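From just these sequences and the hints, can you work out the full model?
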Amino acid sequence: MSFWDSLLYDLFPLIWSGMITGCLYALGALGLVMIFKCSKVVNFSHGNVAGLTAFLVYGLSSGMLMSLSWGAAVLVALLAAVAIAFLIYSIISPLVFESDLTSTIATLGFGLIAQGVTLLTFGADIVALDLPIPRFAFSVLGLLITGYDLTVLAVAVVTIGALFIIIDYTKLGIAFRAISENPFAAEVCGLNLRSVHYFAWITAAILGVVGALLIVPTTFLSVTTVATFMLQAFAAAVIGGFASLPGALVGGVLVGVLMNLFTFYVSPEFSSTFLLAVILVALNIFPNGILQKVGGSRV
Amino acid sequence: MSDQATHIIPGQSVVSRLSGMATSGLTTAVVVAVLIFMPLLLGGSWTFTLGLCFANSIGVLAVSLLVRYGGEVSIGHTFFTALGAYSVGVLDTRYGISLWASVPLALLLGVVFGLLFAWPSRNLHGIYLAVTTLALALAVPEMINNFDVLTGGYEGLYVATPFIPGIEMGLQRYYVALFMLVIVCLAVARLRLSRQGMALLLAKAHPAAADAFGTRRVWARVSIMGISGGIGAICGATLAFSGSTVSPGGFTFWQAIFLLVGSVVSFYGLSLTRVLIGGAFVTLVPQLLSASGAWIPVLYGLALLGMILLGHYMPRIRKAMNRKAEAN
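Residue numbers (our numbering), protein chains in the order written: chain U, 1 to 299; chain G, 1 to 328.
Read the hints as simulated data drawn from the structure, not as lab findings.
Predicted model, so just to flag it, every value in this text is computed and none were measured.
Quick reminder that beta carbons are idealized off the backbone N, C-alpha and C, glycines included.
No false leads were slipped in.
Label pairs and their computed distance ranges (CB to CB): (1) U:T263 with G:L108: 30 to 40 Å; (2) G:W119 with U:L144: 39 to 49 Å; (3) G:W119 with U:F97: 32 to 42 Å; (4) U:E187 with G:M38: 53 to 63 Å; (5) U:F86 with G:M314: 23 to 33 Å; (6) G:H206 with U:L144: 56 to 66 Å; (7) G:V218 with U:F184: 26 to 36 Å; (8) U:M66 with G:S292: 23 to 33 Å.
Sample of chain G residues with no beta-carbon within 12 Å of chain U, all distances over it, derived: (9) M38; (10) G44; (11) F48; (12) T49; (13) Y95; (14) P162; (15) G166; (16) V182; (17) L186; (18) A187; (19) L201; (20) L202; (21) G226; (22) I277; (23) A327.
Listed below in structure tokens is the structure:
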């Protein structure tokens, strides 16, 4: 096989599937960035809470806890995610206005609790949780495109599109941007910081559930899968600048593609080390993320 | 929380602070004296567990030191503990070299890799550094498993060469850990009074002023990572010797978070008694709950939150109570 053939047969499918996973990393990263942008907290509980809700969908739809339909189970899980996000923010909100580092550590505590609750309720077993989507596949220019790929792409585009429309055009979105830009001035103008923070935390939780449900069919569902997936989302957020929503999107796709290429061409055993290297290199070249404007400070 | 602790509390006289230091010194001496005689009272398994407590306390101290002097949070200190543990493990099992040589090597490696990690991340702070250390923690188990020629992979290594030949191994594992803990705590207490310590605190509290006085922020960051990494490696070396085995299971991502939990539970304290509390928490909770493993993360999470909320509300409650007392 010539070089170009192998390029066509390996590289493009790898980039395509990397982009699909990257969209999911972006969903996770967007949630992290939304929370960080307004409340300056890195939510380390994001992955574990999303994992818990994915298990909830499994438990409610498989007959383990109840045997609801898939849609009803997802609805209950979304409500649970919203309730959990509300609870977490309510508990740490006094800390948020004092020290962002302390409140960040506090979210680690919630992550541990969410993981423990998952273990206690659903055990350490590995289960399969599929999406109710039609199974089909067709090939375009040598690319095999499956129903799953298109579902992920469609859901990601709709969710992210809706998010950007809300942030760009609605009153809530404008309040969100104002608070991210300058919380003090926003508060002086009469905005309620807490209610906007609640909006960000709840939106992030919903994005987390969507991301978790979409990633699970490619792996299996265990206590750690969603948390591991969210770690890639962390990398995506960092590369995108952690304070930039479009950056999170670009970072997610970038991480997805790079990880895919690395595992295929170099070694699947060093993927976490590679992720570390990518983060360090990206942060050295773009200290504030790839889409951040260059700024400076004077002493 | 950490800021309050490192700054001088207004309204408290120098004399009372000095006497406070003297009493804390006395407490530490009493605690150490009690710990020296502990193996006479306790059985072998408790002596072993206490040795692990001391080793973990050193790790907790490494994390707290970074918080207090660098203002940064690390969730990747298992990288340094793994470095230390594997320098002891590898030198012991492959070459039969005891702690005399492997602890200095561990310290050196810890400092060097602390500096190496700090250099590319020198401009990062706060969350960026925290997430980078998180990536570091994730990379550790994978590196250990893939360098299995040296590290023994999943099976791990068994440390059996005595530190001082002729003395019973169980006692050695205990006293070496205690000795290391005391030495490291003394060194950290010295750091507080040293030029370097002052410069680090200044760079943390007033970066611009530190720049004006000639302490480069980059230097402060890189050096504190080096010191903290070195202490982390000593923790690993002690863990390897006192715990007798070194395997990837001891250096997972969760272990890194547990070190941070220990640091928070001890309120980022740097004194021997404080870090012992953190170390004991990290060591004893999994032991006591080993029958019901799923409760461990829940309990750790609750402890973490409880301590943080306590640290937040305690000063307020105390103030309110003082006000009430004054009103009466």
